[in-house]
Structure formats: C-alpha cells, structure tokens
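Build the full structure now, drawing on both the sequences and the hints.
Now for the letters of each chain:
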Amino acid sequence: MTENNIQTYKELEKLSNKKKLIYRWILFIILGIFALYYITPLYVMIVTSFKTMEEIRQGNLFSLPGSLNLTSWDVAWNGQGFSAGDVYLKTYFWNSVKLVVPAVIISTILGAINGYALTKWRFKGDSYIFLLFLFGTFIPYQAILLPMSRTLGFMGISNSIYGLILVHVVYGLCFTTLFCRNYYISISDEIVKAARIDGAGFFKIFFKIMLPISAPILVVTVIWQFTMIWNDFLFGATFTFGEEAPIQVALNNMVLTSSSVKRYNVDMAAAIIAGFPTLIVYVLAGKYFIRGLTAGSVKG
Amino acid sequence: MYWLKRNLPRLVIAPSFGVIAWFVYGFIFWTIYISFTKSKLLPKYEFWGIDQYFRLWSMPRWHVAVENLFIFTILFIILCVFIGIVLAILLDQKIRAEGFLRTVYLYPMALSFIVTGTAWRWILNPSLGLEKFAHDIGFETFTFDWLVTPGMSIYTIVIAGVWQSSGFIMAIFLAGLRSVDDEIIKAAKIDGAGIVSVYTKIILPMMRPVFMSAIVILVHLAIKSYDLVIALTAGGPGISSDMPAVFMTQMAFHRSEIGLASASAIMMFLTVSAIVVPYLYSELKREDDRK
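The listed protein sequences correspond, in order, to chains A and B.
Position 259 (the first sequence) corresponds to 259 in this note's numbering; numbering is contiguous.
Position 271 (the second sequence) corresponds to 271 in this note's numbering; numbering is contiguous.
No wet-lab data here; the hints were simulated from the structure.
Each hint can be trusted.
Taking lysine-lysine pairs in the DSS-like style, the calculated list, with each CA pair at most 27 Å apart, reads:
#: 1; chain 1: B; residue 1: K94; chain 2: A; residue 2: K18
#: 2; chain 1: B; residue 1: K186; chain 2: A; residue 2: K19
#: 3; chain 1: B; residue 1: K201; chain 2: A; residue 2: K20
#: 4; chain 1: A; residue 1: K19; chain 2: B; residue 2: K189
One side of the interface only, derived from the structure: several residues of chain A facing chain B at Cβ under 10 Å:
#: 5; residue: L27
#: 6; residue: Y141
#: 7; residue: V170
#: 8; residue: Q248
One-sided and incomplete, this derived list gives chain A residues near chain B with beta-carbon spacing under 8 Å:
#: 9; residue: P41
#: 10; residue: F133
#: 11; residue: L134
#: 12; residue: F135
#: 13; residue: L145
All residues carry an ideal CB built from backbone N, CA and C; glycine is no exception.
Spelled out as structure tokens, the structure:
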C-alpha cells in the first residue's frame with residue numbers, strides 16, 4: 001500500500017516535470033519570437049548598409065551582402081565630393097557633439113542643485129515650485145515653439161548651436177530637477193541636520209556630503225539628457241537650418257531630399273551612424289538607462 | 001549676511017524658477033493669447049476672439065489629423081500595453097537569459113524616432129522591402145503597400161511606434177512585478193491558485209498604478225509624435241497620415257498661419273493637461289498618504 005503510494009507520487013512528479021519542461025519551451029519560443037521582432041530591423045539596417053544598390057535590387061531585405069562594401073558608409077559620412085546638394089553627416093555629427101556636451105553638463109548641475117535645495121532646505125512654497133517643474137516635463141513643445149523661435153531671434157542666437165544649447169538646458173531642467181529631487185528626498189535629512197549643527201553651510205553640505213553620494217542619480221540624469229538631446233528632432237528642425245543643424249535633422253534631410261536616385265544603403269549607414277552614440281551608451285549602461293526611464297515617469 | 005544665509009536656498013532656486021516661469025509658463029500664455037488674435041506671418045496683438053478655433057475645427061485637414069491621432073493613440077496604447085505585459089510576465093519566470101533578452105527588447109528605445117522611421121521606411125518599402133521578400137520566398141501575389149496607400153499609412157506609424165516603445169512599457173511592468181512581494185504569490189499557490197489566476201486575480205490588479213503611468217506616458221508620447229511621422233510618411237501620401245503636431249508646425253512655419261497654429265498647439269496642450277493633471281494629482285496624493 002505504502003509502496004504503491006510512493007510509486008504514484010514519483011510518477012506524478014515525473015509527469016509534472018515533463019509538463020514543466022514543455023511550458024519552459026513554449027516560454028522560450030514566445031520570448032524568442034519577440035526577440036526576433038525587435039532585432040530584425042537592426043539586422044536589416046546593417047546588411048543593407050554593406051550592400052551595393054545592385055545587390056539591393058537583386059536580393060531581398062534579409063539576404064547577405066556579397067562582400068563588406070564600405071562605400072555607402074563613406075558616402076554617408078563624407079559625402080560624394082561635389083559641393084551643391086551633397087548631404088552627409090560629418091559636420092552635423094560634430095554639431096550634435098558640440099551641442100550635447102555643454103547642454104548635458106549645465107542642465108545636470110542645475111538639476112542637482114535644485115533638487116538638493118528643494119528637499120534639504122525646505123522653504124515656504126517649495127512644493128508649488130516643484131509642481132511647476134513636474135508639470136513642465138509633460139507640456140507638448142508645440143505650445144512653446146513660436147515664442148521660443150522669436151525669443152532666440154531677439155537674443156540674436158537663432159540658427160546657432162548656442163540657441164539650441166539654451167533650449168535644451170531650459171526644457172531639460174524640468175527633467176533633471178525632477179530626477180534629483182526624487183533621489184534626494186529618499187536620503188535621510190539627519191545627515192544634513194547634523195552638518196548644519198556643525199556649522200556647515202548650503203554649498204559646503206552640497207559639495208562635501210550630497211555630491212559624493214549622488215553618483216547613481218547623476219549617471220541616470222546624464223544618460224537621460226544625452227539621449228533626449230542627441231535624439232531631438234523638433235527643436236533642431238525648428239530653430240536651425242543648413243550647416244548649423246544637429247544630426248537627426250541632417251539624417252532626415254539626407255533620406256528625404258537626396259538625389260532622385262534612392263540610395264537605401266547610404267540611408268541605412270547614415271541611420272546607424274546617427275543612432276550609434278545612444279546605442280553604445282545603452283549597451284554599456286543599460287541598467288541606468290532603464291532606471292532613468294522608470295524614475296522619470298513612474299514616480300510623481 | 002544673516003539674510004543671505006537664510007535665503008540662500010531660495011536664491012539658488014530663483015534663476016531656474018525664473019527660467020521655467022518665463023520659458024514654459026510665460027510662453028504658453030503667449031501662445032494662448034496669440035491663438036485669440038488674427039496673426040498670420042507676424043504676431044498681431046489686438047484681440048480677435050475665438051475665431052481661430054472655429055477656423056481650426058472647420059478645416060478638413062485638422063479633422064484628418066485629429067482622427068489619425070485617435071487611431072494612432074488607441075492602437076499604440078493597446079499594442080504596447082499588451083506586448084509590454086506579456087513580455088514582462090514571461091521574463092519574470094526566472095528565465096536564464098533574462099539580461100540579454102531585456103537588452104534586446106529595450107534597445108529600440110535608445111534610437112531616435114528619425115532613425116526608427118528611416119529604418120521602417122526601408123523595411124516597408126513597397127517595391128524592395130517586405131513585399132519583395134515575400135515574392136522571393138514564393139508568395140507571388142503578396143502586396144504590402146500601406147506606406148503609400150492613403151488611409152493605411154497611419155498604421156505603418158503604429159507599427160514603427162510600437163516597435164520603438166513597447167520594450168519600455170515592458171521595463172516599467174517588469175519593475176512593477178519585481179516589487180510585488182513573493183510571499184503573496186507563495187501563499188496564493190499554497191491555497192491552490194494556478195499560475196494564470198495568480199496573475200489575473202492578484203498581481204495585475206495590484207499593478208493599477210503601473211497601468212496608469214504606462215497609459216499616461218503613452219498618450220503623452222502619442223500626442224507629441226512628430227518626428228516619427230515626418231521620418232516615416234512625412235504626413236503623406238497627401239495629408240492622409242497628418243497628425244496635430246505635424247499640422248501645427250506646417251501652419252506655423254510653412255503656411256504663415258501663426259494664429260491658427262497657436263490654436264492647434266493649445267488644443268494639444270489642453271488634451272495633455274486633461275490627462276496629466278488628474279494623474280499628477282492622484283500620484284502626489286499617494287505620495288502624501290504614504291508619509
């Protein structure tokens with residue numbers, strides 16, 4: 001009797017193990033299909049960028065190139081060498097670098113100081129000020145485009161990198177302040193109180209105590225701002241034209257207004273170049289990237 | 001000196017506060033005011049009333065844009081949330097390659113909408129894209145020309161948009177699932193609940209705030225969507241995939257209709273506010289309740 005029971009129990013276990021295995025496989029297949037869905041466009045972009053136009057017309061989206069042809073990469077980066085109507089990325093890539101570095105640094109520093117002042121030196125009305133910043137992260141930029149373009153004109157910095165730096169610092173400020181405020185609010189007030197009793201002032205506490213423990217949120221903020229500014233198209237397209245444009249605007253011009261003959265291989269090489277910096281940041285620091293996305297949106 | 005010390009935090013905030021007050025809120029009020037004037041190429045400041053809004057809502061093109069926004073937003077939300085939840089739940093089953101899969105699902109989020117649009121414009125190309133691939137593997141009559149078909153091109157924007165953003169929704173749902181106490185799941189399993197009912201009856205209802213955030217973010221993204229439309233269809237063919245954000249820029253910078261453009265921008269602003277204000281109110285209330 002007991003022996004019999006043990007046997008059925010073992011069989012049951014075996015059966016459920018088998019069932020479990022099948023479930024696992026179904027799970028992996030579904031996850032695999034989704035992985036294919038996400039990875040395919042990148043694969044298509046890469047193989048297309050190495051093909052000649054002849055190979056593109058003859059093969060299909062997924063066929064491999066005959067050889068690693070680097071011509072379209074060269075054309076996308078350096079242009080074809082003639083002066084009129086030749087669009088390429090080199091100039092605009094460096095425009096974006098010159099824009100992104102100062103804009104990210106300034107908006108992050110201001111955001112950190114704001115977040116610190118709003119959480120550790122509470123004053124009357126501070127929560128209302130925070131609310132203004134918070135709501136600022138949601139506004140559709142169409143509602144400020146027209147006055148902004150006039151203001152840049154008045155200031156004499158329209159169609160320049162400086163103008164774009166100003167725009168990105170101003171509208172990035174809402175995000176950086178929000179991130180830092182949400183981080184500093186979780187840090188105990190006791191440390192700050194103790195330091196104040198010891199006679200430390202506003203900036204001393206900020207530089208000696210807060211900044212050294214801020215590395216996690218600063219990384220998140222920098223990555224967020226970098227991605228936002230590098231990927232921006234609306235501000236770039238509205239406030240700059242010609243040689244001053246940032247990379248996304250140049251990419252779009254290249255794809256839409258290139259000569260009558262479509263050069264899909266060059267388009268794809270250009271798209272990869274324009275997406276490369278943010279992709280690298282994401283692959284190297286994806287953890288922080290995700291944390292930024294969730295920190296910025298989930299927490300009010 | 002004492003005054004300075006006492007007010008230092010305020011003084012530090014003041015410049016940023018001033019900048020936000022002017023460049024965000026001041027500018028919004030300027031746009032609101034201009035939407036009540038006759039401004040064409042240059043702003044005029046005499047008050048005209050709400051005629052621009054009447055003009056706006058009598059324009060067939062604006063109706064196309066609003067209708068497209070509606071289609072796009074609904075499909076975009078449904079697909080992103082569905083894919084996001086499914087992937088988050090599957091990834092939460094203690095998968096071995098989780099880190100790798102998460103990276104793969106999320107990388108499109110790092111790419112700009114212009115890069116996304118450029119890639120999908122090529123993939124969906126009617127003569128050399130997916131259609132050609134289908135012909136090559138034997139489906140001779142397969143046609144896929146949504147990109148150049150009025151009435152269908154809006155759906156290509158949905159396809160590319162979902163590809164770009166669904167991984168992000170997965171990430172916030174996964175973060176939500178991870179914050180659910182394991183004990184609750186164990187207890188439910190001991191009580192004999194199956195894995196499916198554990199999720200549908202216990203875990204998903206607990207994630208209501210996550211649903212809320214996901215939907216608010218997606219609506220907000222959808223209303224702002226401009227880059228993707230420009231890169232993928234440029235609002236075409238014709239104006240068939242126009243969206244409010246594209247309409248606004250067209251009117252403001254190509255048609256010299258500043259007043260009308262401002263009116264459309266304010267419509268967008270009001271729509272976002274109608275969704276975001278109650279959301280922020282409930283979020284902040286939750287934060288206060290926790291204290």
